[in-house]
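Novice: With chain A's structure known, arrange chain B on it following the hints.
The primary structure of each chain is shown beneath.
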Amino acid sequence: MSEPLHRQLGLKDDEQERIVATLGREPNRAELAMYSVMWSEHCSYKSSKIHLKTLPTEGPAVLVGPGEDAGAVDIGDGDAVVFKMESHSHPSAIEPYQGAATGVGGIVRDIISMGARPVALLDPLMFGPLTEPRNRWLFEGVVAGIGGYGNCIGVPTVGGEIRFAEAHSSNPCVNVMCVGLAKADELVTSQSLTPHVGSFMVLYGAATGRDGIGGVSVLASATLEEGADESRPSVQIGDPFAEKLLIEASLELIREGLLEGLQDLGGAGICCALSESATRAGMGAEVDLDVVPLREADMEPFEILTSESQERMLAIVHPSKLAAVEALCARWGLHTAVIATLVEGGTLTIRHAGEVVAEVPARSLADDGPEYDRPMTAPARIEDGGDPALTPFEGDLNDALRTVLAAPGIASKRWVWRQYDRIVQGNTVAGPDSDAAVIRVPGTLKGVVASSDGKGRYGRLDPYLGAMHAVAESARNVAVTGAEPLAITNCLNFGNPERPEVMWQFAESIRGMRDACSGLATPVTGGNVSFYNESGGSAIDPTPVVGMLGLLRDYRLRVPSAFPQAGLAVYLLGETAAELGGSEFAEAVLGQVSGMPPALDLSKERALLDLLVAAVGDTLLASAHDCGDGGVAVALAECAIGTGHGFAVSIPTDLPPHVALFSESASRAVVSVSPIDEEAFRALAAAYRVPCARIGETGGPRAVIDAAIDIPVARLAEIWETTIPRLLGEAV
Amino acid sequence: MNDTPRVGVVTFPGSLDDRDALHAIAAMGGTGVALWHADHDLRGVDAVVLPGGFSYGDYLRCGAIAARAPLMAEIRSFAERGAPVLGICNGFQILCEAGLLPGALIRNASLRFVCEDVWLRVETSQTCVTAGLTPGETIEVPVKHGEGQWVATSEELERVEGDGLVVFRYAAEDGQLGDAFNPNGATNHIAGVRNAAGNVVGLMPHPEHAVDPDVGPTGGQPLFAALFEAALAGATA
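Each protein sequence line maps, in turn, to chains A and B. Quick note: the first sequence, position 646, residue 655 per my numbering, numbers continuous. Quick note: the second sequence, position 40, residue 63 per my numbering, numbers continuous.
Hints listed in this document are in silico derivations from the structure and should not be mistaken for laboratory results. Every residue, glycine too, gets a C-beta built ideally from N, C-alpha and C. Incorrect hints may appear among the rest.
Claimed, not checked - Taking CB as the label site, the calculated pair distances span: (1) Thr27/B <-> Val347/A: 45 to 51 Å; (2) Val741/A <-> Arg91/B: 39 to 45 Å; (3) Glu163/B <-> Asp563/A: 24 to 30 Å; (4) Glu163/B <-> Ala306/A: 52 to 58 Å; (5) Arg340/A <-> Ala203/B: 43 to 49 Å.
Just chain A, with the same shape it has in the complex:
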């Protein structure tokens, strides 16, 4: 006795009843397939919506908030920045190269469909330890897929981050963020264009095949269990050349004023694009599946409707413009097919081989999906190894620094980003070796600054604080370049929301994100939820990843993170407390992930951000670096490794030396200041009420901290640079 069809497609019994009530009859197979993908967790946000509504989404810079294909902020002079983050974790866990590649393709199409040219990609990734062969296969495959796709479409990959934790062994997280530029008055949104009754829905780009059928429902909205490799046919295959053609053709179609609407095809394929486009237009559509260009002639209607074949877009075109649209697409070598006509009312009537195969209200698919307020339970505290700051430490501090620098999460990711084209388009002022990427806006002095950050280990200990720290750290990474943080996008990576503990983690994370985004005045413009990152009942750490966007008024003011020369004064900004909970030191040296994450005072964070932006604006800083993972010892080491300029500093503190060196207290930064600017800088720090300690000077070939640390910078650089290649078994 096999399962009823709706369950095989991932629908629950009550959802099936809801479909029957909507239609007033039993759905047929095609209709059921459509509801199953549109009402999947991935497309409908049914478990998260109720919480996401509580996030702050408005602010003076926000042009487009959540609800469109991507968010947009105003950067002055009529320029807009469009940005969004998404996950492609489940496909990547099955087939890392294609999973990651098509993740890049999908987010790029989101940016295009807003009418923006994609100008930067960032990739926050999480893997299990590289000591395991399968994790190395996933890691190398994902990196190759990101490069293989991104390098072929002319969009530079300029940032991201990579973290490692045991829980990601079965569940790697592959997030990708894209940033685009447009003129604010040319943005394509549901408000900016007016479709007409009788206008055509034109599918252009690649042909539709059997790849990725049910990807959103089967793959992305369930946990991956034993035998998940058999889901490989649900992973889509990418064609970056077709994507490049789509970018150029789509931007030309918009520039020429030929469109009344534009939507990318991603999860849930044609079904999603048709129902969402019709719903936004407030209309229905007469759809003819026989004209959809197919890779295989004998595809069933439900396959054509839900295929997730890549590199396709759906445009709404007035009949008078159709010939021009077809000619433009042909010039770029792209197929077009008029697959539907907009009609009054709200019904999608779908025909195949002369017969009506589905007849459903468009809105019931796009907007009226189920919404759950799932039960939540705070878990009993997972582990209590206690506060690591209280663990006695007698070891050698030089050894400890070497160990922390060699932790894979801290070590250099050059092996990864060396495989990414970071410079195409010619506007990359700062790339992945900077705290945040800086992309100049062509024809202006403005710099768009972006950073992505997640704090899984903190989230595991306290999801509320973990989310707050992700927001604060990404704001700090943007501010150390001199840019003002403006707004965020996010990708919320969690386990199975049907488990009350996971739902509690999610709600707590959203609460933390809400408080931090309100406190730092960086509203949320959109994002993505990735649930079901678990297998065998073991979920990933709750990891909301934040993609922060900032604006540098003059990109030439950008401050590097490393010490640019000898003879500069080194300052530590902020206060250091005994906070080793969830720290790199506690994990790498003490083998402890326990205690509480550092406290976060948003008013102090805000003061630090404001000081950094003001000091860079007054050209008082020679360098500035976030003091985060690994504490001040790692921050100083990284400042020296970047350029080879050593330092000698003394940190005034009452804390035990290992706590002072490796505490991850929030709202701190390490800056270097030219002697002639010191007085002005100290006055500015005082005005912003940011604690500011002059701890020493740059210069010499060694890294020296009090009597605790004394190591040649070259040795630190070697450790930091060779860790990842060594783990991958390469000769270094």
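Specialist: Below, chain B alone, put in the same frame as chain A:
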């Protein structure tokens, strides 16, 4: 009399650095002219740049289809007239596939894409892009490619080396050669070659990404300066 050279940049559907080449030409004081692969028209340009990218997707062999593009017929006769033609990265691959330059480009020895700044040692000043440089001099320019390992048959290699057709080799900043400075395993560290006349040059590194100090090194500046000179000389000849 026009003292601003008109330099054409060919856009194939999968070209990526075509706009960047046009920007570099403008930044260096030239006039960039956009050319389209499917046309049969060089629009009266004085020099041609074949830019980086993936011309037609390059799923077959990089540049293999592009070498047979409509506009390549015009470029071939343009080159045969002695006019300057510069192929960068994918453009270099296309010129090799078209038989206008010796050798071929295969996958990097590492089997991975590589993007980084490298030093190039200039081997000859007898070309349309190195006329202003001295052999032995080094310049810093980025590479970014997955298939940049230059190879040749032993006879071809002998001719290339014997006739002085090597234009650039990967090297250390001081000009020293070594595997550590060779990003793709190219034979004899060869980064760029020329035809016998020196008017056709191809190289894997990207001089168009090395003219603006705000976003990278500046080793590409003398190459464009020389290209402009050659273009003007041809235009007035």
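Novice: Now tell me, hint by hint, if it's right for this structure.
Specialist: Cross-check of the supplied hints:
One distance hint, 45 to 51 Å for the beta-carbon pair Thr27/B and Val347/A, holds here, with the actual separation near 47 Å. The supplied range of 39 to 45 Å is met by Val741/A and Arg91/B, whose beta-carbon atoms lie about 43 Å from each other. Taking 24 to 30 Å as the suggested C-beta distance range, the pair Glu163/B and Asp563/A conforms, at roughly 26 Å. A hinted range of 52 to 58 Å holds for the C-beta pair Glu163/B and Ala306/A, which are about 55 Å apart.
Restraint check, Arg340/A to Ala203/B: a C-beta distance of roughly 46 Å satisfies the suggested window 43 to 49 Å.
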